[in-house]
Amino acid sequence: MPEHDAAAPVRAATSPVRGVSGGVARPTVGILALQGGVAEHAAMLETLGARVVPVRTEGALTESSLDGLVLPGGESSTVDRLLRRFQLRDPLVEMLAEGLPVLGTCAGMILLAEQIVDPAPGQQSLAVVPISVQRNAFGPQADSATEMLETTLGPVNAAFIRAPAVVSAGDGVAVVARRGTDVAGDGPIVGVATDQAVALSFHPELTGDVTFHHEFLDRL
Amino acid sequence: MTETSAAPTSTTGSPLVKRGLAEMLKGGVIMDVVTAEQARIAEDAGAVAVMALERVPADIRAQGGVARMSDPDLIDQIIESVSIPVMAKARIGHFVEAQVLQELGVDYIDESEVLSPADYVNHIHKHSFTVPFVCGATNLGEALRRLAEGAAMIRSKGEAGTGDVSEATKHIRTIRKQIADLQATFRANPDELFVAAKQLQAPYDIVREVAETGKLPVVLFTAGGVATPADAAMMMQLGADGVFVGSGIFKSGNPAQRAEAIVAATAQYDDPAAIAKTSRGLGEAMVGINVADLPAPHRLAERGW
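Each protein sequence line maps, in turn, to chains A and B. The opening position of the first sequence corresponds to residue 1 in UniProt numbering, with each subsequent residue numbered one higher. The opening position of the second sequence corresponds to residue 1 in UniProt numbering, with each subsequent residue numbered one higher.
Don't take each hint at face value.
To be verified - Pulled from the structure, derived: some chain A residues nowhere near chain B, Cβ distances all over 10 angstroms:
hint : residue
1    : Glu58
2    : Ser65
3    : Gly99
4    : Glu114
5    : Gln115
6    : Pro140
7    : Gln141
8    : Val167
9    : Val175
10   : Ala184
11   : Leu220
Unchecked claim - Residues on chain A that point at chain B, a partial pick, calculated with CB under 7 angstroms:
hint : residue
12   : Arg81
13   : Leu82
14   : Ala145
15   : Ala159
FYI, nobody ran anything at the bench for these hints, they're computed from the structure. Ideal Cβ placement from N, Cα and C applies to all residues, glycine included.
Just chain A, same shape as in the assembly:
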């Protein structure tokens, strides 16, 4: 079904499962909705008490008083092309440069990276987080998997779907999750954070694990 239908906030009227304790009473979170797994993020954020705005136009991006932005999973090369074709890339880069808090999962992590080591021809990223990422780092779909991760926020049920991995991280980047080991170990880096951004290789929105979304709303 179209994402804006699936995301219709039936649940928004009910009280949030967990209160948003840190920041704005009811933050407004945009979700880039050009392509991909938008509805899952929307449902999760609404359950946690946020107001959700699907972002498909420059107006939705700049005129919704967004407290934060989610870059969902999808096909990163497709989203990049649509951002440029619809003239959304420049205003998005501008808002992120002004410090808009952002959470990216899977393709969203790729968009946030400073460098993509294996881009599709001509593919660009938004260069918000000083990391290099490798797309589809864990093999074809047959190797996609769910796994419990030991993150800095505790255990998280993660779905890796043709997931990327961080191959190097620059200054000011905290590793929040590795695959196969805890954060102190030597597993591939699958979650990072800066003061502004959280970038995850995996999809907590598919398994229904609210840990990172809750923490993201707390920051706003």
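Given the coordinates of chain A, assemble chain B onto it according to the supplied hints.
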């Protein structure tokens, strides 16, 4: 926080993981390609995935004969040429073609009526594979039977290789209406769902799940006859999660530009001004065949049950 000293267990091939990839394709266009070069054109235009096959449906239709799984060399070449997911078709019921495709590392298998069926009784037992399957359906009962067999994504069938979108329209409308009817039955009198399951010829548990939630538990794309940006946008407005375009791109005058336009119109499906803009100057659409002119034995949508 819990102590977890044991190595974490990784679960592949679960319904969540299989359906999850399809969730990430939502709002996108999956394009049929027959060469590595076409695959690169599709990726460059913004396709979310490509379907690797030897002949597009329009050519299968024109040339006749038995249509089978593609040559593994071709599939390898296409997998190597792009970074987006690669799907490939197996014949209905041909579980060994599916085993081969899984071995080749395709990301999704389409158990497809576009190829000649290998079994006129049984579809593939799709739960037994790690790789996910997409299957065609003309109505809700057919979709739910495919889910019972393990499909992780459904596409309405349409009539492939025609460039005539009327059957695609009929199938997506039928599936959406039948879901709405089930939901109404659930709200009015859930006792009647047992008979609804009987009428749909689908397992009760899946029928009940759809009745309760008002949607399929998997992504629903539309296929078969989509040839223009407006066709794609109409499928989206009718409730599809995304579209497959088969012959419509590489049988047209300017494939690269048309592919890009269909991708744009699928993303901006509810913005007529944007669709108008993207529809300009695309050159010749595929010539097409009216489905009404097709004799019944040549209708692919009637394959599968």
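Checklist entry - Going by Cβ atoms only, is Ala159(A) closer than 7 angstroms to chain B? => result Where the cut-off is 7 angstroms and the nearest Cβ of chain B is about 5 angstroms from Ala159(A), the hint holds.
Next on the checklist: A closest beta-carbon separation below 7 angstroms is what the hint needs, so does Ala145(A) meet it against chain B?
Outcome noted: holds, 4 angstroms
Item to check | Status of Ala184(A), Cβ more than 10 angstroms from any chain B Cβ | outcome: holds, 13 angstroms
Checklist entry - When you look at the beta carbon of Gly99(A), is every beta carbon of chain B farther off than 10 angstroms? => result holds, 28 angstroms
Checklist entry - Is it the case that Val167(A) keeps its Cβ farther than 10 angstroms from each residue Cβ in chain B? => result holds, 16 angstroms
Checklist entry - Can we trust that Gln115(A) is non-interface, i.e. its beta-carbon lies farther than 10 angstroms from all of chain B? => result About 15 angstroms separates Gln115(A) from the closest Cβ of chain B, which puts it past 10 angstroms; holds.
Item to check | Restraint outcome when Leu82(A) is required to lie within 7 angstroms of chain B by C-beta distance | outcome: holds, 5 angstroms
Next on the checklist: Confirm or reject: Val175(A) is not an interface residue toward chain B, with every Cβ-Cβ distance exceeding 10 angstroms.
Outcome noted: The claim holds: Val175(A) sits with its nearest Cβ about 16 angstroms from chain B, beyond 10 angstroms.
Checklist entry - So is Glu114(A) really clear of chain B, every C-beta pair being over 10 angstroms apart? => result holds, 19 angstroms
Checklist entry - Holds or violated: is the Cβ of Gln141(A) farther than 10 angstroms from all Cβ atoms of chain B? => result violated, 4 angstroms
Next on the checklist: Quick check for students: does the CB of Pro140(A) sit more than 10 angstroms from each CB in chain B?
Outcome noted: violated, 4 angstroms
Checklist entry - Once the closest CB in chain B is found, is it more than 10 angstroms from Glu58(A)? => result Given a closest Cβ separation of 13 angstroms, the condition holds.
The earlier numbered hints that this structure contradicts are 6, 7.
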